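Just so you know, the sequences run in chain order A and B. Under the working numbering, the first residue of the first sequence carries the number 1, and numbering increases by one thereafter. Under the working numbering, the first residue of the second sequence carries the number 265, and numbering increases by one thereafter.
Hint data in this document are derived by calculation from the structure and do not stem from the laboratory. In this text, all values refer to a predicted model and were calculated from it rather than measured experimentally. Errors might be hidden in some of the hints.
What the hints assert, rightly or not - The following residues of chain B were derived to be distant from chain A, with all beta-carbon distances above 12 Å:
#1 I334
#2 V417
#3 V496
#4 L605
#5 I617
#6 K642
#7 A643
#8 K653
#9 A661
#10 K723
#11 P756
#12 R762
As the list claims (entries may be wrong) - Chain B stretches covered by chain A per the calculated footprint, using a threshold of three residues with CB under 8 Å from any CB of chain A:
#13 304 to 310
#14 314 to 328
#15 468 to 478
#16 503 to 512
#17 729 to 737
Quick reminder that beta carbons are idealized off the backbone N, C-alpha and C, glycines included.
Residue strings, one per chain:
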Amino acid sequence: MELLRYILRRTFLSAFVLVGVTFLVFVVAQVVPSDPAALYAGPRPTAEQIEKARQELNLDAPLPARFATFAGAMASADFGISYKSRRLIAEDLRAYLPATLELAIFSTVLALLIGIPLGVIAAARQGGWADRLCSFGSIAAVAMPTFFLAMILQLIFAQWLGILPLSGRLSREIAISAPLPMVTGFNLIDALIAGRLSAFGDALTHLILPALTLASYPAGVAMRLTRSAMIEILERRHIVAARALGLSEPRILFGHALPNAMGR
Amino acid sequence: MNRRNFLKTAALTALATAAASHWNFAMAEGAGSIFTLAYPTSFPDLDPATSFSNDGAVLANVYEGLTRYIPATDTAEARIDPLLATSWDVSADGKTWTFTLRDGVKFHDGSPLTSQAVKGSIERTKKIGGGASFIWGPVSSIETPEPLKVVFVLSEPQPLDLIASAGFAAWIYAPSSHDKEASWFNAGNDAGTGAFKISRYEPGQRAVLDRVEGYWGKVPDGAFQTISFEIVEDATLAQNMIESGQADWTYSLPYENLEALKSNPDLNVVVNPSFETLFGLYNVKRAPLDKVKVRQALSLAFPYDDVISAGTSGFGSRAKGVVPAGIWGHDTNAPIPKTDLEAAKALLAEEGIEPGLELVMTYSTSQAIEAVAGELWKANLETLGITLKLQPMAWEAQWQLGKSNPEAAQDIFVMFWWPTFVTPYDYLFNLFHSEEKPNFNLGYYSNPEVDAKIDEAAKLSGTDRARAEALFIEAQRKIIEDAAAIFMLDQPNVHIIRADIKGYADNPAYGHIAFVNDLSR
Chain A
1 MELLRYILRR TFLSAFVLVG VTFLVFVVAQ VVPSDPAALY AGPRPTAEQI EKARQELNLD
61 APLPARFATF AGAMASADFG ISYKSRRLIA EDLRAYLPAT LELAIFSTVL ALLIGIPLGV
121 IAAARQGGWA DRLCSFGSIA AVAMPTFFLA MILQLIFAQW LGILPLSGRL SREIAISAPL
181 PMVTGFNLID ALIAGRLSAF GDALTHLILP ALTLASYPAG VAMRLTRSAM IEILERRHIV
241 AARALGLSEP RILFGHALPN AMGR
Chain B
265 MNRRNFLKTA ALTALATAAA SHWNFAMAEG AGSIFTLAYP TSFPDLDPAT SFSNDGAVLA
325 NVYEGLTRYI PATDTAEARI DPLLATSWDV SADGKTWTFT LRDGVKFHDG SPLTSQAVKG
385 SIERTKKIGG GASFIWGPVS SIETPEPLKV VFVLSEPQPL DLIASAGFAA WIYAPSSHDK
445 EASWFNAGND AGTGAFKISR YEPGQRAVLD RVEGYWGKVP DGAFQTISFE IVEDATLAQN
505 MIESGQADWT YSLPYENLEA LKSNPDLNVV VNPSFETLFG LYNVKRAPLD KVKVRQALSL
565 AFPYDDVISA GTSGFGSRAK GVVPAGIWGH DTNAPIPKTD LEAAKALLAE EGIEPGLELV
625 MTYSTSQAIE AVAGELWKAN LETLGITLKL QPMAWEAQWQ LGKSNPEAAQ DIFVMFWWPT
685 FVTPYDYLFN LFHSEEKPNF NLGYYSNPEV DAKIDEAAKL SGTDRARAEA LFIEAQRKII
745 EDAAAIFMLD QPNVHIIRAD IKGYADNPAY GHIAFVNDLS R
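So that you can see chain A by itself, here it is in the shape it has in the complex (with noise of 0.2 Å):
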C-alpha cells in the first residue's frame, strides 16, 4: 500500500517535470543566437536555400503554434528528422540506444561483480594487506577520471600486450564481410541468436576495456560500501553465534552476512 501511493506520487509529479522539460527544450533551441534553417540548409547555403528550409521547417509559424506541435510531436513520440544525421531520430535511436544499454548494464554487473566481493574479502580481512589494498584500489578508481583510465588501458592492453582491441564493437572482419543480423542491437544477443560463438566471443573482447572503463568508478563506490555495511554486522552477535557454531568463512561471509549487508 505504501509502495502504491509511492509509485502514484511520483507517476503524478513526473508528468510535471516531463511538461517542464518539454517546455525548457524547446525554450532554449529558441533563445540560442542562431539560425536553426541556415543550420538545416547545410554548409554553405543561397538565401533561397535558407528561406525554403524555414518553410519546410515550420519556422515562420507564430511561436505557441509550433510549441503545440512539438510537443503533440513529443507525446506521440514522433521525434522528427534530426538537423544533422537527415534520418528519422527515432531511427538514429534504434541503432544507438542498444549498444549504449549493451554497455551500460555490462559495465553495472561488472562494477558489482568486482565491487561487492572485494569489499567482502576487506571486511573480513578488516586492517590487514588485504583490506589496504582493496581500499587503496576503491580510492583510486573513484579517484581516476575515466577517460584517462580509458587511454591507459588502451596503452596497455591493445597497443603494448594486444590483447585486446582498440576501439570498435565488432572486429573488421565481421562488422565489414561478415556483419551480424539486427534483431536486438545488442551485439551479445544476436551473436548468440545467429549462433556465431566466435561472433560472441569478438563482441565480448570488444566490451571489456569500455566496460572495465566505466565500471570503476561504481565498482569503488560498491567496494566501499559494502565494506563498510559488512563491518558493521561482522560485529553483531549471530555472527559470533555463527561462528561459535562452527560454520565456515566463506559461509558466514557470503551465506550469512552479505545478504545482511546488501537487505539494509
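Given chain A, work out where chain B should sit, using these hints.
Coordinates of chain B only, in the frame set by chain A:
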C-alpha cells in the same frame, strides 16, 4: 564445479578470448584488399543531388561527373580531364556546350549511360535545389540530340567544363533513381557509375563499399576490393589506427604530431596546398575601418609567419590574395604586406587614430587556427594601443550576426573559404562582389570597378580563360590595394597514408577525398 575447476576454466576462457582477438588482428593485417579510411566526420547526406559536405568522400568513389579537375603541379599546368564525357565543345558566345559521352559505361543497376540519364540527373539536382545545386543556375535547357550527345544551353557564358567537374552536385546517377527521395539514398542505396557501390551504411559508424564488376575505367594490379570508411571522431584513436595499420588513410590529426608521424617508416605524410584559405573581412561600412589606411595598418600588424608556425606547425603557407595556390587565377606576385609594426603605427597616426580603439573580431568556435590567429594578432595590436576583442561563436551565429546590420555587426569577420568548383570566380564573387543583402560578402565591400572586372572575367571563363585569369588577378590587386580583407594563410592539406599504398595523389579540388580505384597495395 569446485574452486580449482572454476579457476582452470576461467583461465582457459581468458586465454581463448585473448588468442581469438590476436587471430582477429592477424586477419585484419592480412586483409590486403580492404582499404580503410579513418574518417573524422560522419556523412550526413548521401543523396548525390544535395550532398555538400564530407559525404563527398564516399560519393566520389561511387559516382562520377562528366569531367575531373587535375590541379597544377610544378611541371604541369592545371587541366580538365574527361571522365563520363570524352570530349566537349563550346560555342563562340560561350553559351552552348556540347558534351560527347563515353560509350559502354553502365550504372550499378545495369542501365547504360545516356544523354537522357545526364539530363535527368542534372534536372533532379536542380529541381531539389539543395546543397551546391546553384552551380547549374545558368543552365536554361538541356537537349539530348543523340544517345551519347548532350547539349547544355546557358543563359549567360559560364565555364561549364569546370562546373561539370565540381565535387558536389555534379554527379550523374541512374534514371531509375531520379524519382527517389533523399531517404532512399540515405538508407545506403546508390545509383552511380563509379568503381565501387555502397554495400552497407551504418550512419555515424561506417560505410562499406564493394568493387563493381565491369567498371569502365582502368583498374591497377592489386587494386582494392572493398573500401571501409570508419568514422573516428577522436584524433588520438585515428592516429593509433593509422600507426597500427588498422587504417590506411586519415587526416585532421594535430599539426604538432605530424613531425613524429613523418619519421615513422610505415607512414607517408602527404602535404599539399589545399584550396582552403583563411582570411578576415574588414567591415568597410563602419568607422574606423571605413578608412583604407586603418585597414592597411591592421594588415601590417598581423604576425603572418608566427601564425603559420604556431597554428599549422609551419605546414601552411602565406596567402597571396584570396585565390590560393594551385588554382588558376592565383597571383604569385601579389603585393601582400609584411608584418611591420612601425609602418602600421605611422599609418594609424596619419588617420589620427588614438590609443584605446576597440575592435571586435568574430570567428567560428570549431576552428582552432582562427583562435591562434586572433590571439597573436591581438598581442601585436596591443602594442599599437588597439584592443582586439575576440569573439568565438558557433558558425551559424557568427554568420547570422554578419548578415544582419553592417552598422551593428563585427569589425572583422574571420572565416575559411573553399570553392564549390575550381574557379577564382567562386572566391571573388562570393566574398567581394557588391551584394544588396549581405550573404557572404561580410565586409560589405563594394567597388564598381572590381565588380565589373569580376563580371567580365566570369563571362570569359568558358571561352578565353587566359584573359579571364588576367582580369581576376587585376580584381584581386585592387582588393589588396583597398585592404578589403586580411589574407592570413593558405591551409595545408595533410593526409596520412600507410607507406605500402601505391598510386596515391592528393587532389585539392576534391576536399578530403581518396579515389580508391587508383590505389593498390
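These are the hints, each one checked on the structure:
no. : hint       : in the structure
1   : I334       : 24 Å, holds
2   : V417       : 22 Å, holds
3   : V496       : 7 Å, violated
4   : L605       : 35 Å, holds
5   : I617       : 31 Å, holds
6   : K642       : 23 Å, holds
7   : A643       : 28 Å, holds
8   : K653       : 17 Å, holds
9   : A661       : 4 Å, violated
10  : K723       : 21 Å, holds
11  : P756       : 21 Å, holds
12  : R762       : 15 Å, holds
13  : 304 to 310 : holds (count 3)
14  : 314 to 328 : holds (count 3)
15  : 468 to 478 : holds (count 3)
16  : 503 to 512 : holds (count 4)
17  : 729 to 737 : violated (count 0)
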